[in-house]
Every structure is written in C-alpha cells, then in structure tokens.
Amino acid sequence: MTFLVPLPVVLPLLGAALTLLLVRRPHLQRVVTVTVLVATLAVSAALLAQTAANGPMAVQVGGWIAPLGIVLVADQLSALLLVVSSAVTLCVLVYSIGQGMADGHEETPLSIYHPTYLVLTAGVTNAFLAGDLFNLYVGFEILLVASYVLITLNSNETRIRAGTTYVVVSLLSSLVFLAAIGLVYAATGALNLAHLASRIETLPEGLRLVLQGMLLLAFGIKAAVFPLSAWLPDSYPTAPAPVTAVFAGLLTKIGVYAIIRTETLLFPGGRSADLLLIAALLTMVVGILGAVAQSDIKRLLSFTLVSHIGYMLFGLGLTTSLGLSAAIFYVVHHITIQTTLFLAAGLVERRGGSTSLDRLGGLARLSPLLGVLFFVPALNLAGIPPFSGFLGKLGLVQAGVAEGGMLAWALVAGGLVTSLLTLYAITRVWNLAFWRKPHPEMPGPDATTTDDDDDESTGEERPGTLLPRMMVGSTAALVLFGVALTVLAGPLFEISTSAAENLLERTPYVRAVFPGGAP
Amino acid sequence: MTPNLTYIVVIGVLFATGVTLLLERSLTRVLMGVILLGNGANLLILLGGRAGEPPIVGTTSNEEMSDSLPQAMILTAIVITLGMTAFLLALAYRSWQLFGHDEVQDDVEDRRIMELAERDEGPGISETDDSPDETSDEDAVAVEAGGAR
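In order, the protein sequences belong to chains F and Z.
Each residue of the first sequence is one higher than the one before, starting from 1 at the first, in the working numbering.
Each residue of the second sequence is one higher than the one before, starting from 1 at the first, in the working numbering.
Check before you lean on any hint, since a few could be wrong.
To be verified - Partial list, derived from the structure: chain Z residues whose beta carbon lies under 10 Å from chain F:
#1 ALA41
#2 ARG50
#3 GLY52
#4 LEU91
#5 ASP102
Since the hints were derived computationally from the structure, they do not count as laboratory data.
C-beta atoms are modelled at their ideal positions from N, C-alpha and C, and glycine is treated no differently.
All chains, full assembly: derive it from the sequences and hints.
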C-alpha cells in the first residue's frame, strides 16, 4: 500500500495545474478543487488506517534506495496531521467558494485563488511527509510561496503593508533553515532524517548544539514561538477570512510539526528540554496577555493562536510519552478550533460589517445560529469541559504533574492561567459582540430599530449582510468536526499515544526507511 | 573540500552585509539583503561537499569525484531565491504605486500607541514625544485607523 504515500502531494499539485488551465471556467475550477481535496482527505484517512495497523511506511521516490534517493515517510504523526489538515482545507475551500458566490462577482475568489490554494495544500502535505531535511525545506518553500500570494491577494494598502512583514520574516526563517541544512550536510554528509538520526549522535556536543539551535530558530519563527512571534498578529488578520483561517490552522502547526520531528528523531534525550519549556511558558503567557488587550476579533484570535502554540511546546518539552501524546492531541484540536474561530469571525464580519469590538453588538439576537457557531469553538478553545480543548489541557497538566520538576510545575501553573485568560478574552468578545445592544453604526435591518424582535426575517432580504448557506454550512461542519474530536477523544488519544511512543522509540521510523538497517 | 579561509571570509561578508541590508526600512534594500544572504547560504552549502573532478562514472575514479549533491541542492535553492526576488520586486513596486515609497511600515500596535501619544492618552507619554516629523505619516495613520476600528 506504499503507493498511497506520495498521493497527498501529487494530487493537489496535479489539481493546481488543471485549475490553472481552467482559469476561464470558474465552475469547473471549483469542481476540480473540491474533488482533489476530497480525494486527498480519503487518501490521508487510508494512510492513517495503514500506519495505525502496520507502523510507518516509506516510499523511495524514483526507485533510488535511501539514502541516495528522496524518501517520503508516513508515520502515525504525519498521517494524523494529514487527515486533520486536509479536512480543514476542504472546509475552508467550501467556505471561500460560498463567499465568492455570495458576493456575486467573479473576482472573489480570483481565478488564481484555486491553483494557489492547491499548491499551498501540496506544500503542507509535502512538509508532513518529507523524509529528509532538504525536502522539508522544499515543502516549506512551496507552502510559503503560495501563502505569499494568498496574503497579498487583491493587494490593497493594508495587505501590502502586512504582507511585506510576513514575506520578509518568512524569507529570513527560510534562509536560516537553508544555512542550517548546509551546516548539517557539512557536518554529517547526510540529509535523510533516518540517516541523520544515527549520524548526528556521533558529532561533538558543541556542534550538535549549534545545529539544533539553528533548526529550532528556523522552525521557531515559522511556529511563532514567543520571542519570534511578533510578525504573526500583525500580518494574519488583514488577509481575507478563509485565507487567515487556513493560515492560522495550518502554517504555524507545520513549524510545530517540524520541531517535534527534529527534536525527537535527530536530537533525542531532551538536551534542549528546559529551553523549550521556558519558551513555551513565555509564549503562552505573553501571547494571551496580548489577546486580552485587543479590540479586534481577528487580532485577538491571532494572539490566542500564538499563545496556544505554547501548549504544544510544553508537551514536547516534557520529553515523556505522556506529554508528547498530549501535545499531538493538542495540535489536532488546535488546528480545527482555531480555523473554525477564524471562519466564524469571517461570518461576524459579514453580518456585523466589522470585526472591531467597538462596532459590534447584539449579534446573538440578530443571528442565533452565528452565536452558536462562535460560542461552541470559543468555549472549546478556552478549555471548558467536556470539549477537546479541556481534554488536551488536562492531558498536558497530568503529564506536567507526572514529570514533577520545578519548571514543569511552573508550566502547569502558566497553562492554567493562560486557559483562564483565554476564557476571559473569549467572554469579552461574546459580551461585546453578541450580547450587548446592537451598535448604531452596524449595517443591517436593525440599524434604526434596535428593539425590533423579528429582524431575522428582514435580514434575509439584504444580500450584503446575508449569511450564505455554503459559508455557514462549512463553518458548521468544522464546528461539528471539533465536537467530534471530543466524542472520539478516546481513540484519538490512543493514536496520539502510539504516535508519541513511536517517535520516542525512533526505531520504527528508521526501520521503515532502511529495512536492512541504517548504513 | 578542506576549509579554505578566503571562501569562509566571503561567506561571512555576504551574511554580514545581507543582515545589515535586511534591517533597512526600504524594501529594495531588504531585497538586496535577501539576495546576498541567499548567495551566502548557497556558498555555505557548497562548502559542505567534497571538491574534485566532474562526478561522471567512467571518466573519473570514485576517489577524485566531487560531491554533486550540494550542487543539486544549490540549484533548487537558486530557483527558489529567483522566484522570491521576483515576488519581492513586485511587492516593492506595488508598495511604491500605493504609497509613493517602498518602506516597511510600523505595525498596527505601534501606530495605535503613536496615535494615543498624539492625543496625550498613552501610558507615561508626555510632551517630549517627537511628533513634528511625523506629519507625512499622519494621513496613512488616519487611513489605517479608519480601516482597523
């Protein structure tokens, strides 16, 4: 069944080529994109089932035996993340199609949107499946280049301004990564991850530390870990809602994935564990303090995004199987929930005409459905039982207590405070945007008659403020997916635990790449 | 290849000048910085492989062959840098079209604090604030404030 492994990369790339040819046929473009993403989701699910049954699978691209050729490896971690990311990209795509159709003009989404979106997907899947450092770099570049185009779509003033920061910071992180690759190759003569796993151990301690530091720096910028996170809240909120949603869900998590992969496979033994834990603590606390101070929903959500990256590093920094499995569970939960919240924020922007808390109000009465779509993932993010956010945080806290060191206890405390402040920030949004009386400047039927009860029906007549069925439907699907993570938390934790054990053990990964033993 | 001092100094100079340019405000200079940094990184990768004769089986013995993998990687990296350069140029041009310059702007938070300072509401900011030279930025701030609020 190894032929499945390259498909999540190949399918979106072929789809991108096809949609580029169909630039003048928007309808066909949509059909192709949706089909490709559904197929990617199906393949990813099959991969997950396969890896859960048989362990990691590797495919030697072009038939060259590793370490000569390029290897794509699917283990439980990458298969799990593939499933979640393709489900999320599919929902976001349906949402953006709905947005384009509701706005009624052909330019939104632009004809270039579909090919770029598929290239982005291919980059994401390639990064998850990459079996060597240079292929990981290529995956990063593919998704970054696509994201540069998406973030500057329509290229108006704010997007150019925010896009410039984003592009320059991402370029810097790519260059650091590239330099790190050069150094790794110079030091070891290998780039294949499974090959490096044994070779890096023979290097002198100092050199190993330099390589680890450079890789952590490069991935830390991409994952928006605290001292390197200032670019994120400034650039994400300006992009169109679906673009922000898919960026928030996926791009930073690929940085986290790369950190997990390199730390467990190349630098085992937790030599940088304390550094990771301190970075995790600062990311959580500083990020959420930023969120508390915001008056715009999208910016607030961007800060919670930064803050919750800290939870994943927390789990990784504990270097125990329990911590790592909770971190993996948290990644899955956070991809889904953060994307859902950004999609809901997009709906709020359509319905209320703004995402600024100073201008919103009364949305719960205007549109109870929108209220539910925002409220459920918001509580989930804050970690209210019984949602998956609670389960993930509970797992992390348990792992931290089991570890028991001073730093681990500090992290447990920091995690709980962050959770509480997230709840505060989210409640503020809820109170201001959904509960108080509608703002007089808000567009909509009730702008003059704030106390009118039947504004639901009159609201439907205004095309500008209408909530299109496809956008609501895809957001609802993601909300349900988030709730499903709660219901299926048992099996999910089983997968993440066995993924974490495989990661810490390392031999299953290496054996999949080199069936005859590492050279 | 045995580490060659000239080579290493060249890489160091490329990185140093690249970082200096990257810290500039003008996007064109940032672009130059990215190009220099990219070249530095490429040379660094080349340093990692063994130098020698062309790696063609039959014409060169195994011991004398150069390592071709870094060259293949550099080729990929050059293509990526080329694409990035084109994109940054387009971005700088678009920025020049929209703003009349290609300088990287302050972020939203900075501008908000500056705004508060102008209205004397900022925490701990007094009249020592050097606002006279910001007259040209004020329009941009006003536009942005209109968009963000």
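A quick look at each hint next to the structure:
Below 10 Å, beta-carbon pairs count as interface contacts, and Z/ALA41 has one with chain F at about 4 Å; its hint therefore holds. For Z/ARG50, the shortest C-beta to C-beta distance to chain F is roughly 9 Å, which falls under 10 Å, so the interface hint holds. For Z/GLY52, the shortest C-beta to C-beta distance to chain F is roughly 14 Å, which exceeds 10 Å, and the interface hint is violated. Taking 10 Å as the C-beta cut-off, the interface hint given for Z/LEU91 holds, the closest approach to chain F being about 6 Å.
The interface hint given for Z/ASP102 is met, as the beta carbon of that residue sits about 9 Å from the closest beta carbon of chain F, less than 10 Å.
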